[in-house]
Structure formats: structure tokens, C-alpha cells
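Given chain A's structure and the hints, the job is docking chain B onto it.
Keeping their order, the protein sequence lines are chains A and B. According to the working numbering, the first sequence holds residues 1140 to 1524 in order. According to the working numbering, the second sequence holds residues 1140 to 1524 in order.
Keep in mind that the hints were calculated from the coordinates and are not lab data. On a predicted model such as this, the values are computed, not experimentally measured, just so you know. Warning: the hint list may mix true and false statements.
Which copy? The list can't say, so a pair holds if one copy fits it or any two copies do.
As the list claims (entries may be wrong) - Taking lysine to aspartate or glutamate and the EDC-like style, the derived pairs with C-alpha atoms no more than 20 Å apart in a straight line are:
#: 1; residue 1: K1403; residue 2: D1182
#: 2; residue 1: K1255; residue 2: D1271
#: 3; residue 1: K1299; residue 2: D1258
#: 4; residue 1: K1159; residue 2: D1271
Number of protein chains: 2
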Amino acid sequence: MRDVSIIGIGQTKVGEHWDKSLRELAFQALEAAMHDAQVERVDALYVGNMLSGELTGQEHLGALVADFAGLRGIEAMKIEAACGSGAAALRVGYIAVAGGLCDIVACIGVEKMTDKQGDIATSSLATAADADYEALHGLSFVGINALLMRRYMHEHGYRKEDFANFAINAHANATRNPYAMFPHPITAQQFAEAKPVADPINLLDSSPIADGAACVILAPTSIAREFTDKPVRVRAITVATDTVAVHDRRDPLYLEGAAISAQKAYAMAGVGPADIDLFELHDAFTIMSALSLEAAGFAQRGKGVALALDNAISLDGHIPITTMGGLKARGHPVGATGMYQIVEVAMQLRGEAGPNQVRNARLGMAQNIGGSGATVITTILEADQ
Amino acid sequence: MRDVSIIGIGQTKVGEHWDKSLRELAFQALEAAMHDAQVERVDALYVGNMLSGELTGQEHLGALVADFAGLRGIEAMKIEAACGSGAAALRVGYIAVAGGLCDIVACIGVEKMTDKQGDIATSSLATAADADYEALHGLSFVGINALLMRRYMHEHGYRKEDFANFAINAHANATRNPYAMFPHPITAQQFAEAKPVADPINLLDSSPIADGAACVILAPTSIAREFTDKPVRVRAITVATDTVAVHDRRDPLYLEGAAISAQKAYAMAGVGPADIDLFELHDAFTIMSALSLEAAGFAQRGKGVALALDNAISLDGHIPITTMGGLKARGHPVGATGMYQIVEVAMQLRGEAGPNQVRNARLGMAQNIGGSGATVITTILEADQ
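Same shape as in the complex, but just chain A:
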């Protein structure tokens, strides 16, 4: 097996791109990443996407994007793992390069969600849950998270307002990210007064439906410096699964898939949570931030929210999270999100995060979650300068 590095990154601004089609968004991110890597051709293209069929009437994105990008003929396919699709596509690209089957590979995450009414997006997002045993009973995705949050508050003695800092921190970081959908700060009072979505989740606990695309170019580490003087090594990328339906789990407040995925990643990279300088987690809702921090070993069970209360999650805190705004404020174009996380970690490790730069960032981790923790992909990246 070969070591693999990221030699190029690209992203579009996250938002409501009514003037751009799905293929245009994907191409914009791909073009930026190929330009960054100074490559004119790739051997293969893996496209992470969840909802193109439901929301834009278009499957077959691999061939579609390859052709639109002028790469007709190459290997291409779409990879889907609900909201974990982006990092799942990176995993396939990693396998292809590490195994020696391809040299230069592009991995894209792309999603276009705002062309349809919000209720259609909501019902489409429920396809990430168990169609027969959750969605069929009218349980939406935010509804599942609301049940988890209510139970967490009950078990561990938190109040609703204790979750505020996850959102406040994310928005604060987004103000300095030109690619963020909501680059404005929010206050504790705004959080407390935000409209309820599915009690106890309110609008400011929730990441927004959005359009966007992000892309990374992979190459064997041995040749990475031919393309860039800032390669970022992929020290680990692992996938683990759990039940899709939350009610099938032994303990709904323990993300076992996230824990397995993180443990495998730590073992693969030969590091532990204490070595990680920043953590791009999957804050689709504030409760997911808490559960992800606990499953990945950054907090004891029930103490994830305490990290937010203690402000340990800020850029100069013990474990900085959502350093460019996270799903909450950068935005959550679901199949693209995992790739945005990777691009953002790579920016930190390249020292290109501008005013959001985490000092001396050497090791960064991202955790991309599909469904309510049913597919979890953990990636550990290392600066190589």
C-alpha cells in the first residue's frame, strides 16, 4: 500500500445557487482543485452525492461531471452514504490511489437542494433514515435528532441553552470564511429566542439546506511534491456502520459507528485524540456535535456539551471544532459536506485558514456522518511541509 496525499483543493461558496446547475457546481469545485494541483487530467473521478435523483432528476453523476469537465472517457462513478457521501467518495479515491490502481484521482462532493420546496428536501432527507421503520411513521430527520437531544438533556442534566455555544462558535468562525452560507455572528439571546423546529431543536441548532461542491485531488505521497509544495498526507480514512434506525441501538446516545470509525482511524494513524489539533465534526444539529465529540474520545460520555460551555471548542481552545463555520454556518449541502470538511482541514494544515488559522496545526481530523450515525467516515490528515 502506498501513502496518499492531497495535492489540490477546491470549493464553491455554499448557498442558494439558483443560477447554477448541479454539474456546474461540481465543475467549479473540480476546476479549482485541479488548478490548485496544477493537473490537467485525472485517472478517475468519484462523486459523493446523496439526493441528485430525488431533487434534480439526475442520477449518473460520475459520467455527467466527467464529461462536463472535459474528462470524457475516464473512470467515474457516484458514491452514496447519505450525509456521509462526501467522505465516502474520498474513501474510494483513497483506496484506488493507495492500492496502486490509479495515480491522480479527483474526489468531489456535490449537492443541490434549494431548487425544490423545503418540505420536499425534508422528505428526501428522510431517505437517510430507515424508510420502513422510521420515515414511514412520519419521523423526519430533525425529529430523530430532537428525540436524541431531549433524551441527552434528561440523562445528563443539561438545559436547552447549554447547547448554544456550538452554534455561536460556528457562526463566529463563519464570519471569516468567504465560502460560508451564513457569515454572520449570532448571540446567546438570538439562540434562546430562535423559532422551534422540532422541540427542543430550534432554527439555530440546525444546519441549513444548501447547494455547494467541494473537491480534493489525491496522489501518491511519493510524487505529491511534483504538484504542490504544500501536500497534506492522508494518515487515515476509515468507514464504520451502525444500525440505520436509532431504536435498534443498545444505547441511542452512544454513536457506536462513530466510535468504531474513530478508533480504527487512530489505530491506522498511530495517534490518539490528544494528538489532534482540530476536529471538523458533523454538526448537522447541536446534539450531533456533543455525541460526535464523545464518540471520538474528546469528551467523556455526557460531557460533550461541557466542552462547548467551557469554550474548549473555539479556535484557541483545547479542541477547535467547526473552524470554518461547520455544517451550521458554512452550510450543509449534504453529499458535499464531507468534502468541505476535508478541504477545510487541509486549509488549516497548509496554513491557509487566514484569520481562522489554528496555531501550529499539524494533525487535523474530520468526521462525516450519514444518517443518525449509521455511516461514519473518519479522516486524519497531517501537514507535510
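Quick look at chain B alone, frame taken from chain A:
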């Protein structure tokens, strides 16, 4: 890179499975393949599927099937390349085993299409075409193929009835396949009198919408004999793309993606068309059989139909195709089809095709096509006994 072998195969009967859910179909094929390989665990699960989101309100099939099969925790994801999804999933599994990242991998193709009305399936299938430039104008998938067939007849001087033997041969072979959807023979007269679907395509040119699942288990060739005394070696598996929209091609009657994919596969395996003992091609419509035979080098341009007229495609012909019924008569559950082809080639190479056995079959090829030739996966398998 390691050599890779198929150590287990499994399939469900193709048909209208109103009594079985998507996950049950996938599990049935997986269980059969794992039993065949005598394995109780796999390292990863790659699920080829196209339309689960649109037709059953369920994405996230990787985790769903892994959990339902008692494999909770393992790596799992869905792979999509329109009707090429099945073989695309095999490609990802192959990459993982060949590269040394996984040892035992399950690759499933599954589709459930008959729960909805046929017109919904038809519009969903159009997501394999170009949504903005083909489907938007009302051009259905069968419509695209009808245009290709009409043009082919005009260019090469064939009559409609010249295509009959593709369907007659497929149905004849299906009569002896217990997994086939339509195990009954058809006659030239029935073909001539069949109802039109999109002129010149009639009902007996067309493969049926169906439910089904097929699965193979992969392992490194070096340990394959620990599991089976009939391993089948994967000599090549390649993916190539073309434009999604047919009108963007230089020559709509030349499947360039199929040609590139086949040439790459021949090069990878170090063989040529003359070495291939049987060819499971993608006969979604009879015209696709002709175009596939030509692109893969079994016939000169415009001579694919002549192979059918000469009966060179029968079990004892020069190049046997659709030996278990093909898409036409075994059935075409779109995301599963590519895996059915692989299972059928493996059966031939294991000498388990019963009355449909191709004599002295050593090298078999399958070509799985997504869209109208936009994604093409070619696989060459070899008997290893």
C-alpha cells in the same frame, strides 16, 4: 497489486417481489454468496443500486444492508452508475482487495422497481439520461434507444425483424435458468407481432422492469482456495465513460465508452476478443446488443446484427451471449443487472450452468452499461480449476 478471485456467488430469482423489501432481496443474495464462499464475515460491503431513493424512499443502502445482514459495524456504502451500478460496485470491491485494503469483500447489486406504477419507473429511469438536455424534453430512455435503432437500421440496411434473434436467443436460454423472470420461449412471429413501445422498439426488444439482487464475494487469489475449490479469477475490470447525452457524441452509433472500457480490459488481461468464450452483454434493448458486440470487437461496425442473424450468439455459436437469458429474459433490475452478469459468467466458468453450459468455457466477459453507453464497465473472468 494482488490478484483477486470470486470465492462465492448468490442471486435471487428476478421478478415482481411484492412480498420482499429491498433489504430482504439484498440479504437473500448476500446470504447465498456468503454460504457459497463459506464465510461468516466480510471486511466491507459495496452495494450497487440506482433507484432506491426514487422508488422506495430509501437511500443509505450500505449501512442498511450491512445491519440487516448482521454485519453491523463494517465498512459499507452504495455505488451508483445508472444501470452500470452493479458492476461499478464490483469495481470498488476489486480495488479494495487488489490494493490490499480489504481481504474479504461482498459486492451486491440490488434493485426494487415494481412497487410503483410503470410510468414512475420510466421517469425514474430517465435520471440515467441527461436531465437538462434529454429528459427535460420528454425523451425517455426507451425513446433514446428507439432513435439509435432507427438510425442503425437506416445506416446499415437492416429491417426491424433482423433484430429478432437477440430476443429469441435470450428467451431460449432463460427457459433453463431457474432465476429468470421470463423462462419461456418466444417465436419470430411473436416478435414481429409484439406491441410497439417506441417505434421501432417493441415489447420483445425490451428488457423488463424487475426486482432482484445478486452478490459475489471477493478475496485475494492467494487465499481463494481456502474457501472454494472453484475460484474464478478477475483478470480485468475497467470503467470508462462517454457523454451522457447521445447527441453530444461524434457518432451516436459508436459506443466509445464501451470500446475504451473493452480495450482497457483486454490490455489488462492480456487477451483479445478471439479468446473470449462467452460474453454477457447489456441487452437492455436489442439495439444495445448490436452496438455492444461492435464496440467490444466481436463484430465490425454495422455487423452486430449479422451475428444474431447468423446464430453466432447461441450457446454453441462463435460468441455465445446472454447465456442465462440476459437482461431481456432473465430480467433487468437495473442496479442489480451488472452483478447478475458476473454471477452468470462465474457459473459458466465453474461449470455450473447446467443445460446452458458453454463447452470448455475458460474466459468469460461481461459488459455492464449505464445510460446509453455513458458509463461502461467491462469485466473479464477466468476459470481457475
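Hint by hint, work out which the structure violates, then give me just those numbers in ascending order.
Per hint list: single violation, 3.
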